[in-house]
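Just so you know, the protein sequences line up as chains A, B, C and D, in that order. Take the numbering used here: the final residue in the first sequence is number 258, and no numbers are missing along the way. Take the numbering used here: the final residue in the second sequence is number 258, and no numbers are missing along the way. Take the numbering used here: the final residue in the third sequence is number 258, and no numbers are missing along the way. Take the numbering used here: the final residue in the fourth sequence is number 258, and no numbers are missing along the way.
Source of the hints: derived by calculation from the structure; they are not laboratory data. We put the CB at the ideal spot given by N, CA and C, even for glycine. Check each hint, because a few of them may be wrong.
Over the 10 Å line for every Cβ pair with chain A, so calculated as not near, a few chain C residues [unchecked claim]:
(1) P30
(2) R134
(3) F137
(4) E238
(5) D242
Straight-line alpha carbon distances no greater than 27 Å define the calculated BS3-like cross-link-like pairs of lysine-lysine that follow [claimed, not checked]:
(6) D:K235 to A:K233
(7) A:K168 to B:K223
(8) A:K209 to D:K22
(9) D:K27 to D:K143
(10) A:K223 to D:K209
(11) C:K64 to C:K27
(12) A:K209 to C:K223
(13) C:K168 to C:K223
(14) C:K216 to D:K157
(15) C:K209 to D:K233
(16) C:K223 to D:K216
(17) C:K235 to A:K209
Number of protein chains: 4
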Amino acid sequence: MDGSTRLIESGEDVLLYMNERKSWIVKVEPEKKFHSHKGIVDLGELVGKPYGYEVKTTLGATLKAMPADYLDHLERIARRTQVIYPKDMAYIALMGNVRSGSIVLECGTGSGALTSYLAGLVRPNGKVITYEIREEFQANARKNLERLGLMDSIEMKLKDITGGIDEKSLDAVVLDMATPWLVIGTVYDALRTGGRVVSFSPTINQIEKTVDEMQKTGFVSIKTVELIMRTYKVKVNETRPDMIMVGHTGYIVSARKC
Amino acid sequence: MDGSTRLIESGEDVLLYMNERKSWIVKVEPEKKFHSHKGIVDLGELVGKPYGYEVKTTLGATLKAMPADYLDHLERIARRTQVIYPKDMAYIALMGNVRSGSIVLECGTGSGALTSYLAGLVRPNGKVITYEIREEFQANARKNLERLGLMDSIEMKLKDITGGIDEKSLDAVVLDMATPWLVIGTVYDALRTGGRVVSFSPTINQIEKTVDEMQKTGFVSIKTVELIMRTYKVKVNETRPDMIMVGHTGYIVSARKC
Amino acid sequence: MDGSTRLIESGEDVLLYMNERKSWIVKVEPEKKFHSHKGIVDLGELVGKPYGYEVKTTLGATLKAMPADYLDHLERIARRTQVIYPKDMAYIALMGNVRSGSIVLECGTGSGALTSYLAGLVRPNGKVITYEIREEFQANARKNLERLGLMDSIEMKLKDITGGIDEKSLDAVVLDMATPWLVIGTVYDALRTGGRVVSFSPTINQIEKTVDEMQKTGFVSIKTVELIMRTYKVKVNETRPDMIMVGHTGYIVSARKC
Amino acid sequence: MDGSTRLIESGEDVLLYMNERKSWIVKVEPEKKFHSHKGIVDLGELVGKPYGYEVKTTLGATLKAMPADYLDHLERIARRTQVIYPKDMAYIALMGNVRSGSIVLECGTGSGALTSYLAGLVRPNGKVITYEIREEFQANARKNLERLGLMDSIEMKLKDITGGIDEKSLDAVVLDMATPWLVIGTVYDALRTGGRVVSFSPTINQIEKTVDEMQKTGFVSIKTVELIMRTYKVKVNETRPDMIMVGHTGYIVSARKC
C-alpha cells in the first residue's frame with residue numbers, strides 16, 4: 001500500500017479541506033464532532049479511511065481529508081499571532097547554516113513559529129534552545145510546539161538573554177528581539193569558531209546598531225539583506241503582480257565568528 | 001573541551017580564511033601543501049591544531065583555519081556554475097515542506113546545489129531522488145555531493161522526466177527545468193495525497209503555462225511568488241541599499257495535490 | 001506684497017486644510033456655505049482674506065485656507081475614479097518627451113487625469129488631443145479638465161483610435177488602452193520622425209504583444225520598465241518601509257520613430 | 001509640408017543614429033566634418049535635407065539624421081556626469097508641483113540635468129533659480145544649459161544656501177544636497193503659503209534628519225518614497241525582468257508649507 005492510500009488513524013491531525021479559502025486542522029478521534037458554519041462532521045467516521053476521503057457535513061458541504069502537514073500548522077499559527085514570514089524564516093535558517101544536528105539558540109520564542117521551523121531542521125540529533133522573557137508567550141508557544149510533536153528537539157527557557165547565555169560552543173544563534181545590538185558580544189562568546197548569528201529586525205536603525213556592534217566585536221562576513229516577496233496573479237493572457245502586497249517585513253543581518 | 005577548541009583532523013575540509021574577499025576550502029592531510037598567490041601553506045601543520053588556529057604562508061600572509069561548513073561549500077559551487085540562488089533554494093524547500101524524513105524528487109540535478117540543500121533537510125531517514133539527462137552535469141554534481149558527504153540521502157538517476165516518474169507516493173517534487181508544464185500530470189500521479197510540487201522558472205511565460213497546467217490537473221493552493229533580495233550597505237549615518245543588485249532570478253510556483 | 005499674503009478672490013478654488021487626513025477643495029463665492037461633518041463654513045468670509053487665513057466652522061473646527069494647486073485637484077480626481085498613478089504619469093510624460101509646445105495625442109481620455117498632466121506640460125503653445133470612445137467618460141473628464149482651466153490646451157474627441165488617427169506629425173502619442181498592439185502601425189504613421197510613443201499596460205501579455213508589434217513596425221529605442229514605489233514611515237530611530245504597499249500598477253513601454 | 005519632412009537647418013543639433021547602442025548629437029554646419037570610428041560625415045551635406053535623411057560615412061556606415069530632442073541631450077549629459085535618474089527627476093518635479101509659470105529654487109545645480117528638466121517645465125513665464133557652491137560645476141552646467149537653449153528660464157547663482165535664500169514667495173524648492181536638514185527652516189521662510197519642497201537623498205539617515213526637521217518646522221503632507229525601476233527584457237515567450245538592475249538611487253521627501 002502506498003502513501004496515497006495511507007489510512008487515517010485516531011489521534012492524527014487531519015486537514016479538512018473545503019476550498020482555497022477555507023480549511024481546518026482537526027484531531028481525529030472516535031465519538032468526536034467538528035462544528036463549522038458549514039455544518040457538523042463526525043470525525044469518528046474518518047478513522048480507518050484512506051487520506052483523500054471525502055466526508056459530508058450535516059449541511060451537505062463536502063470536505064476532503066488530507067494529512068495536515070507542517071505548513072498547514074504554520075499557517076494556522078500565523079493566523080492567530082504575528083509571526084516572522086515564512087520567506088524570512090527560510091532564509092534565516094539558511095544563513096545560520098541550521099541543519100540536521102545543529103545546536104541553535106533562539107531569542108525570543110514569541111509564538112514559537114520560528115522555533116518550530118528551526119527544530120524541524122535540526123532533528124533528530126540537534127537541539128533548539130529558545131529563550132523568552134514573557135511567560136504567557138512561552139506558554140502559548142509550548143502549546144503550538146507540543147501539537148507539532150517537536151518538543152524532543154527543543155529546550156524552552158524563561159530567561160532574559162541580556163543577562164547572559166548559559167550555552168557554549170553553539171553552532172548558531174538566531175535573534176528576533178527589539179534590541180539585538182545589546183547582546184552581540186554575549187552571542188560571540190557563546191558561538192563556536194565558525195558559528196553563525198542571524199538577526200531579524202523591522203527597522204533600519206536596529207540593523208545599523210546591530211551591524212556596528214558586530215563589526216566592533218570581530219564578526220566577519222556581515223551581510224544585511226531584505227527579501228521582498230511579490231505575489232503574482234497568473235492567468236493565461238492576464239498575468240501580473242498582485243496590486244496590493246506586503247511591502248516590508250524586516251531586515252536580516254547575518255555574520256560569522258572567525 | 002568545547003567546540004571552540006575542536007581539533008582539526010586529517011581528511012577534514014577546512015576553510016582557510018584570509019579576509020572578507022578571499023578564503024579557500026582545503027582538505028587537510030599530512031604532507032599536503034596548499035598553493036595560493038599569497039604563498040604556500042603546509043596543511044600537515046594544521047592536523048591536531050584547534051580550529052581558529054592561525055597559519056602563516058611562505059609569503060607571510062596569515063590565514064585562519066575555520067571549519068568549512070555547508071554554506072562555504074555552497075558558495076564554492078556557486079562560484080563555478082550557475083546555481084539557484086540560496087534565497088530561492090530556501091523558499092523552494094519550505095514551500096515543498098521538505099523536512100527530515102521527506103521523500104523528494106528533484107528534476108534536474110544541474111550542479112547539485114539544490115540537491116545538496118534538499119538532502120541536508122531530509123536526513124537521516126528521508127531521500128532525494130534526482131533526475132538529470134545530461135551525463136556531464138550528473139558527473140559534476142556527483143563530485144560536489146560526494147565531497148559534501150550527502151550521498152547516503154541521495155539517489156542520482158540519468159533519466160528524462162518527460163518519459164515518466166518511477167517513484168510513487170512522493171512527499172514533494174521540485175522542478176528546475178525549462179518546460180515544467182510538460183510534466184505536471186506525471187508529477188501529480190507520483191505525489192501522495194497532500195504532497196507538494198514546487199517549480200522554479202526565470203520567465204513569465206513558463207509560469208503561465210505551468211500554472212495553467214496545474215489548474216487543469218487539479219492541483220490546489222497554487223501560488224506564484226518572486227523573491228527580490230535587496231542587499232544593504234550598513235554604516236552608521238550612511239546606510240542605504242546597494243546601488244547595483246540582482247534584479248531577477250526567477251519565479252517560484254508551488255501547489256498541492258488534494 | 002509677496003505671494004505669501006496673496007488675497008483670496010471670489011471664484012477661486014481654495015483648499016480648506018483641516019489635518020493630514022482631511023481637506024477639501026471649495027470654490028469661494030460670497031453667500032456660499034460649505035457643509036462638512038465638522039460644521040459649516042461661510043465661504044464668503046474668505047473673500048479678500050490672505051491665503052493662510054484660518055476660518056472656524058460652526059462646530060469649532062479650524063480650517064486653513066490654502067491655494068488649491070494642481071496636485072490637490074489630481075488627488076481629488078484620484079479619490080473618485082481609478083487613474084494612472086502620479087509616479088507613472090510623470091515617467092510617461094518624460095519618456096514621451098512631452099514639453100512646452102509639444103503636440104501630443106492621448107488615447108483614451110479616461111478620467112482626464114493623465115490628460116490634465118500632459119496639458120499642464122505642453123502649455124501655452126502645445127496641445128493635447130485626446131480620444132475616448134465612451135461618452136460618459138469623456139463628459140466626466142471634461143468636467144475635471146474645465147475646472148482645472150486647461151481646456152485651452154486640450155482637444156477632446158469621441159473617437160475610436162483603431163479606426164485611424166486624424167492628426168499627422170505628432171510629437172508624441174500616449175496610449176492607455178486595453179489593446180495598444182492593435183494601433184502601433186497607425187501610431188507610427190501619425191508620429192513625426194523622432195517622435196515618441198509611450199504605452200501603459202497592467203499585464204505582461206499586453207506589453208509582450210505591444211513590444212512585438214513595435215519591433216515589427218520599425219520603432220527604435222524600445223524600452224519596458226516598471227516603477228515600484230515604496231513609501232516610508234520615517235521617524236528618528238524607527239524608520240522603515242510601510243508594511244503594506246501598492247505592489248503593482250503597470251508597465252511602461254516607450255519607443256521612438258526613426 | 002508636415003513635420004515628418006521638416007528640413008535640417010544650419011546650426012541645429014541633429015542626432016546621428018547608427019543603431020540602438022550608438023548615436024551622436026552634432027551641430028550641423030556647412031563645411032563641418034564629424035569624425036567617428038565608423039568614418040567621417042560631411043555635416044554640410046545635411047543642411048536642407050529632410051529629417052530622416054540617411055547619410056553615409058567615409059567608411060560606408062549609414063547614419064540617420066533625427067531631430068535631437070531633450071531626452072537625447074539628457075542622455076548625453078548623463079553619460080558624462082552622475083545625474084539624478086530621470087525616474088526621480090520626473091517624480092521630484094511632480095511632487096513639487098513644478099508647472100508652467102512656477103518660480104522654483106534648486107540647490108545645488110550639479111551637472112544641470114535636473115535644472116534643465118525643471119526649466120523645461122516652467123517655461124515660458126516661470127523661472128528656475130539654481131544655487132551652486134562649486135564654480136567648476138556651475139561652469140559645466142552652464143554649458144549644458146546653454147546648448148539646450150534654456151537659459152531664458154534659468155538664473156544661476158554661485159551661492160551657499162546655508163547662508164540664506166534671497167528669494168521670497170517661491171512656489172517650490174528642490175534640494176539635491178548632502179545636508180538638506182540644515183536648510184529646512186530657511187526653505188520654509190522662502191516658500192509661499194501652499195508652496196512645496198522636495199528633497200532627494202541617497203541614505204536613510206539623511207531622510208530621517210530631513211523629515212524630523214520638516215516636522216519641527218511645521219511642514220505638512222510630509223511624504224517619503226523611493227522609486228525602484230525595474231527594466232524588462234520583453235520577447236514573446238521569454239519575457240522577464242533584467243537580471244542586473246540599478247537597485248537604489250535615492251529617497252524623495254516632499255512636503256508643503258501650510
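Cross-check of the supplied hints:
1. The Cβ of C:P30 lies farther than 10 Å from every Cβ of chain A, with a closest approach of about 45 Å, so its non-interface assignment holds.
2. The claim that C:R134 lies off the interface holds: its Cβ sits roughly 21 Å from the closest Cβ of chain A, which is beyond the 10 Å cut-off.
3. Consistency note on C:F137: stated as away from chain A, and its beta-carbon is indeed over 10 Å from all of that chain's, at 21 Å minimum.
4. Remark: the non-interface label on C:E238 conflicts with the geometry, its nearest Cβ contact in chain A lying 5 Å away (cut-off 10 Å).
5. Its closest Cβ contact with chain A, about 6 Å, brings C:D242 to no more than 10 Å, contrary to its assignment away from the interface.
6. Restraint check: the Cα-Cα separation between D:K235 and A:K233 comes to about 20 Å, which is no more than 27 Å; the hinted pair holds.
7. For the proposed pair A:K168 and B:K223, the alpha carbon gap of about 41 Å is over 27 Å, so the pair is violated.
8. Distance check on the hinted pair: A:K209 and D:K22 sit about 47 Å apart at the alpha-carbon level, beyond 27 Å; violated.
9. Distance check on the hinted pair: D:K27 and D:K143 sit about 14 Å apart at the alpha-carbon level, within 27 Å; holds.
10. A C-alpha spacing of about 25 Å is found between A:K223 and D:K209, which places the hinted pair at or below 27 Å, so the restraint holds.
11. Simply put, C:K64 and C:K27 have alpha-carbon atoms about 14 Å apart, close enough for the 27 Å limit, and the pair holds.
12. Restraint check for A:K209 and C:K223: not satisfied, since their Cα atoms lie roughly 41 Å apart, outside the 27 Å limit.
13. Distance restraint check for C:K168 and C:K223: the Cα-Cα separation of roughly 24 Å lies within the 27 Å cut-off, and the hinted pair is therefore satisfied.
14. Between the alpha carbons of C:K216 and D:K157 the distance comes to roughly 49 Å, so the proposed pair goes past 27 Å and is violated.
15. Distance hint between C:K209 and D:K233 is fulfilled; the C-alpha atoms sit about 13 Å from each other, no more than 27 Å.
16. Under the criterion of a C-alpha separation no larger than 27 Å, the hint pairing C:K223 with D:K216 is inconsistent with the structure, at around 43 Å.
17. Simply put, C:K235 and A:K209 have alpha-carbon atoms about 16 Å apart, close enough for the 27 Å limit, and the pair holds.
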